[in-house]
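Undergrad: Sequence lines, in order, name chains A and B.
FYI, our numbering numbers position 312 of the first sequence as 320, with every residue one higher than the one before it.
FYI, our numbering numbers position 143 of the second sequence as 151, with every residue one higher than the one before it.
Read the hints as simulated data drawn from the structure, not as lab findings.
This structure is a prediction, so every number in the text was calculated from the model and none was measured.
Wrong hints could be hidden among the right ones.
As the list claims (entries may be wrong) - Calculated cross-link-like contacts (lysine-lysine; reagent style DSBU-like; alpha-carbon spacing at most 35 Å): (1) A/302 x B/302; (2) B/137 x B/87; (3) A/221 x B/302; (4) A/302 x A/135.
Unchecked claim - Simulated DEER-style distance windows between Cβ atoms: (5) B/334 x A/40: 42 to 52 Å; (6) A/340 x B/33: 41 to 51 Å; (7) A/150 x B/188: 48 to 58 Å.
Unchecked claim - To spell it out: a stretch of chain B is covered by chain A in this simulated footprint if at least three of its residues, at any positions, have a beta carbon under 8 Å from a beta carbon of chain A; those stretches are: (8) 158-166; (9) 285-296.
Every residue gets a Cβ at the ideal spot worked out from N, C-alpha and C, and that includes glycine.
2 protein chains.
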Amino acid sequence: MERSVCLSPQEKEQLLSYFETQVMQVLNWLAAFSPDEEGGITRLLYTEGWLETQLALAEKMAGCGLKTEFDHVGNLFGKLQGEDLDAPSIITGSHIDTVVQGGMYDGAYGIAAGLLALDYLQRQFGKPKRTLEIVSLCEEEGSRFPMAYWGSGSIVGKRNFEQIVHLQDSYEVFFADAMQRCGFGEGTGRDSRRSDIGAFIEVHIEQGAVLEKEGIAIGVVDTIAGQRRLKFEVIGEANHAGTTPMHMRRDALEGVSVMIQALRQEAVRIGAPLVATVGRLQVQPNVPNVVPGKVVFTLDARHDDEQALDSFCQWVMKEFTSLAAQRQLAIHGTEWFREEPVPMNDKLKKKMDDVCGKLAISSKRMVSGAGHDAQMFEHLCPTAMLFVPSRSGISHSPEEYTEPRDLAVGVLVLTELLYRLGYEGEEL
Amino acid sequence: MERSVCLSPQEKEQLLSYFETQVMQVLNWLAAFSPDEEGGITRLLYTEGWLETQLALAEKMAGCGLKTEFDHVGNLFGKLQGEDLDAPSIITGSHIDTVVQGGMYDGAYGIAAGLLALDYLQRQFGKPKRTLEIVSLCEEEGSRFPMAYWGSGSIVGKRNFEQIVHLQDSYEVFFADAMQRCGFGEGTGRDSRRSDIGAFIEVHIEQGAVLEKEGIAIGVVDTIAGQRRLKFEVIGEANHAGTTPMHMRRDALEGVSVMIQALRQEAVRIGAPLVATVGRLQVQPNVPNVVPGKVVFTLDARHDDEQALDSFCQWVMKEFTSLAAQRQLAIHGTEWFREEPVPMNDKLKKKMDDVCGKLAISSKRMVSGAGHDAQMFEHLCPTAMLFVPSRSGISHSPEEYTEPRDLAVGVLVLTELLYRLGYEGEEL
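Produce the entire structure from the sequences given, and follow the hints as far as they go.
TA: The following block contains the structure:
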């Protein structure tokens, strides 16, 4: 008979109840470290609250019998040594930093889930065959300094100290100074770069409403979508709103409103997983009685298929240019941000599908429209990611919420997956 | 044979040449008083530059043999006494104040034209039958204090000291204090309210591009358009731009872009003189990777027909509400500014048409989409207004420009009209 962390519906129910209580304890405990005045969590990289949280987490990990270590950028690892000293580690975890006025689940949930899984596995099954690790990554959001994925990027070699030399936060504090004040920086500890990682598994809230609306417990991430961000300037002629007849106007806002319509129609026609958003828009001179002379706006487009994303962005450029020309408007478009799609590891995805099937937990493959640390790790090792539902899809807000039972289901799936990889010795 | 200020093409040409030189001299002289650093004119009510300009104008008027007088709000009159002591005055003029960083023609041209006309008529024909006056109105733009038409409104009884008690400028200077520092205010001089005005004639730049595009010299204003200004709030749901599929969005900006399209189409369908403008628009949270949760925007609609304007605004309310409902967006619309259309005096308009015809000057009847002092005077007496072309329709800008010859044509038409009313005794 196959082995598992829970062999009957009764065991599954007991384990879920246990994880439900435990995960809320850990999340509430973490949330208490960096509360802000607005009822949210603001835990920015290398702040006092951030350091306090990482140090407390290290203590908690040690209390669970894990061997803890910081690397020189402040990533915190808790290791459960396996019997095979040569096999690369299986790592799980997420980031400890938040956006300004964020919620208590984004990032923190992945750390809590990993901690509970390792603690449970060790207490139930003792020493694993392969080494298991939990990581509390120092930074992912890019909320304090203009630099995101600092933690995971440093591990996989996509980030380094040269890149942060000139970076300052909004109070003009240098990145390196903030890091040093927390005791980290070049030469302070173990180099972040690692080559001994066999797999990375990240558990995270969905930050969208797809799972909730479809009533599904687990999202197995197929691909982390690629992104393009473009900025457009549309220039017409500012004119007196009273004295300029409709047919003499070159109204930049009227032109942009047609572009937004065209964009929406084409995105809906192409269909999921394409999403396209005009999120920022500014009108000049922005006065009630003046015909808008200029509009600046952004386009955020995402898709799991690089080619589809490229061809959509080419269509946008062509269509916008044509719509502008029909109205005698000038238009300039520039791309200012680009990320390629990152497919997750096939074998791990199938294992995750299988785990959910065996545990009778509903799941679906889905594209992650948001970026995550997992996309950095996939450059280094087989990587997987699983989502649990977010209420109303709300995230980056104190309103962020996931049902404790939904959180527990995620912990259970992670625990089972780590059991298979760490104790059963299933191949990657 | 009919009498006129010019009886032959040669005389007309000579007079135009004369006015061309003179009007530029007066306008350049006025412009030199309140230059701003950006190359424009900033002459705000009750500032030092404003007072200096009015005092210099008073001196100039006196130099032309006019009897000058300030009223207690700072309107400056220059009177050419007529033989008939009982007949109400024929007044011409415009406002001396400007917007911030305005041009040298808006307002100032009407004063320069009136001054040249009275000066010429007096020198050529001596004392008129009816008293003619030129007025330099203290304020029209509402650029310093939240109060427009202070000068003309005080004369016709639509403005009074009670209305300005609490008003402050952006530096928190009280209206009454600023007024007193210039030597004006209650009890300082002649009451502004007048009941001895027989007609008011205002000459102004068009501030639109209709005359220029159609190659016409003079616009005879039929009606000053009525205005409605509305403010709309459209509320959807702010969501993550990456994790929210297109069909799950309630994108406030997408909804508003459809409203702008519908508005434009309906305004074009109804046709001139209706104009409808969305001039101010603000998106929340206005971040590239967040689906817009809220958009606030203004609508400025104008028409010379009160009923047509009402029915258009009713259509807008109904259509916007329906477009919002189709997208599960909430919408709130409120009217925050309203001005009824003001038709100019029929007999004066016909006289103006006739003057242009006799002088072989091209003219057309047109609606003024902008508000003017003339709309205040029409509540008190027969009022007329004439426009000269504005290059590219640009106004309220240092780029404001009218060809000297076009300015001269306006002065000539005004002179002829004042001649007929003041010297020939034509009835109103």
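Undergrad: What hints, given by number in increasing order, does this structure fail?
TA: Per hint list: 4, 8 violated.
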